[in-house]
Each structure stands twice: as structure tokens, then as C-alpha cells.
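Given chain A's structure and the hints, the job is docking chain B onto it.
Protein chains in written order, with the UniProt record's numbering: chain A, 1 to 481; chain B, 1 to 481.
Hints may contain errors.
A pair counts as met if it fits within one copy or between any two copies, since identical chains are not told apart.
Stated by the list, open to error - Keeping only pairs whose Cα atoms sit at most 25 angstroms apart, straight-line, the calculated SDA-like set for lysine to any residue is:
1) 130 <-> 58
2) 413 <-> 367
3) 130 <-> 461
4) 394 <-> 283
5) 219 <-> 425
6) 76 <-> 160
7) 119 <-> 430
Calculated from the structure, these hints are not laboratory results.
Listed below, chain by chain, are the residues.
2 protein chains.
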Amino acid sequence: MPQLRLLPRRVWAALLSQLLRPPCASSPGAVHCHSQGTRDLSPQQMVVREKILDLVVSCFKRHGAKGLDTPAFELKEVLTEKYGDDSGLIYDLKDQGGELLSLRYDLTVPFARYLAMNKLKKMKRYHVGKVWRRESPTVVQGRYREFCQCDFDIAGQFDPMIPDAECLKIMCEILSGLQLGDFLIKVNDRRIMDGMFAVCGVPESKFRAIGSSIDKLDKMSWKDVRHEMVTTKGLAPEVADHIGDYVQCHGGVTLVEQMFQDPRLSQNKQALEGLEDLKLLFEYLTLFGISEKISFDLSLARGLDYYTGVIYEAILLQSPAQAGEEPLSMGSVAAGGRYDGLVGMFDPKGHNVPCVGLSIGVERIFSIVEQRMKTSGESVRTTETQVFVATPQKNFLQERLKLIAELWDAGIKAEMLYKNNPKLLTQLHYCENTGIPLVVIIGEQELKEGVIKLRSVASREEVAIKRENLVAEIQKRLSEA
Amino acid sequence: MPQLRLLPRRVWAALLSQLLRPPCASSPGAVHCHSQGTRDLSPQQMVVREKILDLVVSCFKRHGAKGLDTPAFELKEVLTEKYGDDSGLIYDLKDQGGELLSLRYDLTVPFARYLAMNKLKKMKRYHVGKVWRRESPTVVQGRYREFCQCDFDIAGQFDPMIPDAECLKIMCEILSGLQLGDFLIKVNDRRIMDGMFAVCGVPESKFRAIGSSIDKLDKMSWKDVRHEMVTTKGLAPEVADHIGDYVQCHGGVTLVEQMFQDPRLSQNKQALEGLEDLKLLFEYLTLFGISEKISFDLSLARGLDYYTGVIYEAILLQSPAQAGEEPLSMGSVAAGGRYDGLVGMFDPKGHNVPCVGLSIGVERIFSIVEQRMKTSGESVRTTETQVFVATPQKNFLQERLKLIAELWDAGIKAEMLYKNNPKLLTQLHYCENTGIPLVVIIGEQELKEGVIKLRSVASREEVAIKRENLVAEIQKRLSEA
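So that you can see chain A by itself, here it is in the shape it has in the complex:
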């Protein structure tokens, strides 16, 4: 039997996911949310971001993706009728005489526009970039209006479910690589969802509206969602109850098998196609060794209009406070799906290019990693400086400048204080505070003897090294470190 979700789990999940969102306005220290709903990223945050993005991009490259960049704004018409209810969140540019422009809302629509515009029939690309959504401050609860997305997509006509399986493999590699703890990827298919709506008696005109209610099941209880469907969206109560039987089902490949036997669903052609594909998908996921991370979940809806086939969403799990309960969800950190009709919307003749892809929710991941670092008191270096050039004496600026230029020219990361006569203690403190491991010290004595003192900040050991051997000695020490 499919597992039934417990109400307390959802409540907990919603609470936790709110706690984990980057707090807007009330945050201490480095995070500043501007009145316009955006924020600066401080050097500390940039280090964390860079590490996460490096891992994500190197995974995309491991899977053979090419890079692509598109402009921040598109013609307004490119973005219209792509995002369903969320279209109101698009930022428009002021009409200053010229084309009507809007800031991009995601990276998927610009990719589809690029494929159509360049008449490309296949492409495996990644794209890291900012997108903008004008969410209302009361809704956002700490979400920012500008955020970074990391997308990987495979466009082209291929044999079924091979690229789709690779997308799920990539999500697993990235989430494992980031060491965020246990995770689960929920999978469903738009055709199964639509088939389910059809056999439950939902009028076709209400498919997307009911889908968007279903989409809230990770934040609201079934009772509340049911209420919304019946009261706000005018669904007959017995239809809602039929849906309820399905959307509370989740499980592995055995649930796929069960659904093939379902007396109602198995009568629907669309749903059967979706189930066939999911069965094949699970076969490939097993070969990839990741099937235990994947859960077929009939409640997964995904808000965007453009999905046509398999859809998925990764959530982080957290061990529950009380033993015996299921792991708690900490919110979605990656998602995607198949969109076979989007490219055709940009082609003058409507020629389509089937696509499947994923997007990593790096902002959520940033805040989880940041939160952890705060809790653990872990600090990060915000510079990579390897060597500091110091002097114990006055009037040694010229020698310091000559010396530091020599280091820079040898590719060594080096700093000095921009003072004519800094105190030695100030210089050494600077190294300790910023984590610079080596200091080279030049004074009158050293100048006379043609040597430089090389000091390890950690051990405070100092050795004299011939001036001409200094660069080689530093490079040796750095390569050993």
C-alpha cells in the first residue's frame, strides 16, 4: 500500500522551511535586505557562493554541458504566457522609447528562445545567472526578488527517458557532493497528473488551477488544500476526495506498478503513457544506482505552465525530533522536468525541440550552508593571500614595493600595508586576522646581507633566505601546504 503522510510532518516541514529561509530585514550582521527586496552579498557570502557554484558547474561540465549566457532582459512578449499565475511577478522595464522589455523570470524560457532563434535542434547547456521575481513582500518571507539559478538542460529528440534519467543523476551528484544531508527526489509526470484529474472528474479547464492547489501540499495540509479546491476553485467535494486518494500516495517503482493496475487511472491513455515512461525511468535510475533516492509522488505538481512530461523536485530531509516519525522535509532545493512544447512557441513555424532540464536552488542551499557555518562557528577566509610583505623599520617602503612586485610577477598572492611606516606588530596582526600563512620581512640587516626573513605565521618560526632564492622557497612551501 502506498504510504500515507501524517499531518504533523507537514506542519513541521512548513515551520522548518520558514525557519531556514534567509530572514529579511531582521537579520544580524552581514545580510542586508534592501527595501527593494534585494541584497548585497558580502565577501563571506561570496566565498560560500563560489564554493557551491564551483561544485555545481563542475558537475554540469562532467556531464558534457556547454556554457551559454543570455541577457538579463528579454522582449516582454518572450516572457508572456509562459508562467501561469506567476506572470504578475515579472519585472518590466520602463518604456523609454524602444522595445518593451522585461527582466528574465527564469533561465528556461531564454534557453528555449535561444534554441528557436538559432534553429538549433539539439544542445546540452548549463547556465548560471540571476533571475528576478517581483514577489510581494508579505508573500516572500525572506525570499529575495533577485536570485541566482543554476540550470542544466538537454534539448533534442532522443530515445525516451535517457536524458531525463541523467538529469536526476545530476541532481543526486550535486546534492550528495554538497553534503547537505539526506535528500529525496519526488517524481511525477504531467500526463499522470492530468490523467488523474480526468478520471477524478475535474473539468479540463480547471486542470492548471487544481494543479496549482496540489502544488501547495508541501506547505499546507490536505484538509486546507481540499478546502481551497472546493471553496475557491469550485470543485465538487466528491471530485476533491477522489483526488485526495491519489495525491496522498508516494513510493518507489512498486507504486508505478500499482498505478498500472488502478481501475480508473489505467483507463486513461495519457496517464498510461506517463506510467510507461516512469517505469523506464526507474529502470535507468536503478542502473545509475540512485533509485532509492527517488519517490514517485502523485502530489507533485510544479507550478510552471510549460512542463509536458516528467517533473521532479528534490527536498532535503532531516531526522525528526520524535523517534518513529518520518524524516521531515526542509523545502525544495532543486527541481525540473520535461518541456517539449516551449521551443515551438518561439519558432515561426511552430517546430518543436523536446527538452528536459533541472534547476538548482542555490539560494536555499546558500542559506542552509551559511546557517550551518554560523551554528558551528566556522569562519572562512575572504582572501587567498599567501604572503605578506613586512618590515620592522621606517623608510622601507621602496624595498617593500620592489619585493612585492617580484612576488606578484611570480604569480604569488601577496599583500602589504599601504602605509609609509607601519608598525611591525600591526603588520603581523593583519596576517593573523586575515589568515595569511607566510610573512617575508625585510629590514636594514637583511638588505645588507642580501637575505629576506621568511616567517610562518602559525609557528612563528623565522628563517633567513637568500634574496634570489626567495620566490622558489615560497613556491615550495605553498606547494607542500
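Only chain B this time, still in chain A's reference frame:
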């Protein structure tokens, strides 16, 4: 005597710099300029961009800079009264109910806003990001309305000219590192320019307007600039001629010395301060070993309002067609200067933080490198895939999937075709076309014997390797390559 520039050189320079701009609309192949004045970057272009940005950022890190990121849009009021004549080029967002917002025009103003907002008194930061300028299509001649900037800035109260000299050192390191050919950095000082205007008899109210005419001397002849100053800006002809004597002067530190002796300029307090600083600057540049790359140039004006001290601009030189002529300018590729008053504009109490910085004109550099690659017929790989997983037989998808997952999990960059039964020749052609160096081949024979064939695409040599040794063997080969 200071060198006098020849008219033909300017004409040539203007011609060449037009030729070198990325051609809009008329370009073949990958570059597509959209009607809104922006463009997509194709995978080929992304590879070039990534290489250039890597070199630039690693230089910034070598000098101890921290990363920073600011939002694409700022409150409109943050950007007003910072850019002089160019303020009309700022993109505004539509008023959708909320704050009035504008897309950032450069990275300097957001940096100053960040310092003031966070009450930071010193910071050495770099920032790579896009900026937007709504230049009119007739003016742009192939310039894009969205482009990338790479900025490095040093904020803080330090001893004179030490950070300024480091900024020039950084520009030299980057331009040498990029191997763009010979270059020259023009240096001037806003105080020398203003002093020069004062002693020539320019009314103070016209300083910025006349400065912006002078700024055109790299694109227009002195005759045309003089005409503009007299006719359009209402300057007395004899005042223009006085200016003409100065702005045609350029040279090294000896020109600085000469200007100290100049009977008019030496009477001006501001100009003397600027000359003192330039003298000190040249001393430091000599210690850095870069003084021969720097030219004191009284015609350098820089358009932006916020500069207060030293200003500089790097140009690429090209050997002239005719022997005996001076090297030709190929347009500005980096620029910057000191802006000691900008942070105070964002501080409620007007507290200032002195700043100096530079911006690398990566778009110009991209197009030069791209142009060169086209001319030389050099091609770049757009993926980094190391190994291709192939089969000569039908019904081997499962084995290929298992094998490729093993490679991915070992961190090896691997691809396969998304087909159930691809032809071997198609698979090998794919490797040749995309530059993948290694192929692993699995078929019935190999499966039976527990081996995998490893093929070098270049030499076409194949060896059988035990399945369990495959990853180690591939890693060995890749580390040797």
C-alpha cells in the same frame, strides 16, 4: 619638449577602433545582436569569456581582493547625479508599485553605496558583473547595451599613491597576461586638468563640459575638438588655444617635471598637488618596473563626474603600417581613477572614504581575442568531456548506463549518445567532432571477458583493460595528458 601627436595617427586610430568593435546585426555566425541591443553568448564565446575572466579574477585575488556582489538594480536615487551627461543612458524599471528602480550603470557607484550603507572605512574588493547602458543605436557602432565589467577598488585612508600605483600594476599584469600585444596607460589627474582649465581662463562652470570635449580627443582631431569647444560650448578662441598647447602634451616623468616649471600651471595650487602626486606615483611605478608603460597625458579627461584625483586609461597599441609613424591606438581596454567624494554622497553625515580603482573593459578584449581566433582559424572546445562511452552492439544501453555512472562517480567527465542503439561510426565521429580524447567501448566480447576496450581517438589505438582497473587507467592517462 613634449611629443606632438600627428593627425593621421588619430584618424587611423578612430578607424581601427571602429573596425575592432563587435559588429552589430551584420555579423556572421554566432553573434546575434537582438533588436533591444543585447546579445546571447554562444558556447564558443563563453569559453573565451571564461578564460579571460579567470585570468582577470586570479590577478585581483593575487592582490588580496575580496569578492562582492550587488543587485542588478538600485534605487533610482542612488544612481542620479553620478554620471554627468551620461545619466540619460540609465535604464529605469517600470513603476509597478513600490520603489523607483534603475539598472546599475557601473559597479563603482554600487560599491560606494555598499561601503556607506555598511559603514565600512576600508575594503579591497573585486566585482565581476553586468551593467546596462541605454546607448542610442546610432551612437553605439556595435557596442552592446548589456556588458560585463571587472572592477578592482581599494577603499580607505592610506598614504598617498600606494594604492593608486597598485591599480596601475594590476592593469599592466592583466594586459600583459592576456597577451594582447603592446599597450600604454595614459595617466592624468583631475586636479591638473582643472588647474589647467583655470590658468587657461575657462570659467569654472564650464570645467566638466570642456572636460567632456577633451575626452573626445582619442576619436576626434584637435581641430574638431577645438571647434566644438568654441562653437558649441562658447569658449573664447584664445582660451581654446591655450588649452590646445597643453592637451597635446604627453610623456613620462620628465613631462611631470616640465609642468612643475610651467609658468602658468605652477601658479595653480590644485595643479601643483596633482603634479606632486604624479611625481610620487612615477617613483612607485619605477619600483614596480612598469614606468615605461605609463604616459602622462594632459588630454586624458575621463567622462565620469565622480573622479577627484589621478585618472588613467589603458590603450592597446598596434605597429603602424608605415615605418616611422607612432604606434596606433586600438581603443581603451581598461580605465579608472581616484574618487574620494563618492562614498560621502551616500552617508547621512557625508563622511567620506577615499577610493581608487580600475575597470577592465572585458567586452573590448573579448572581441579582440575572438577576432584573432577567427583570423587564425583557431577553434576551441566548448565542452571538457574526457571520455566517451560507446558500444558496437545493439541492446547495450544498460551496460553503457552502468559504465558511465561509474565514470561520473569517479569524477571523470563522460558522455554517451542518448540512443538505444547508436551506430559505432556515429559514436566515434561524435568524439572526433567534439574533441573527446578517449573512448571506452563495451560489447558482448568485452562483457564476457570482464574487460573494456580503451581507445585513443587521436591515435586510434585500442587496448583491453580489466573492468576493475578502468577508472584508474583513465585517471592515469588523463593526468599524463
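Which of the stated hints cannot be reconciled with the structure, identified by number in ascending sequence? Failing hints, ascending: 2, 3, 5 and 6.
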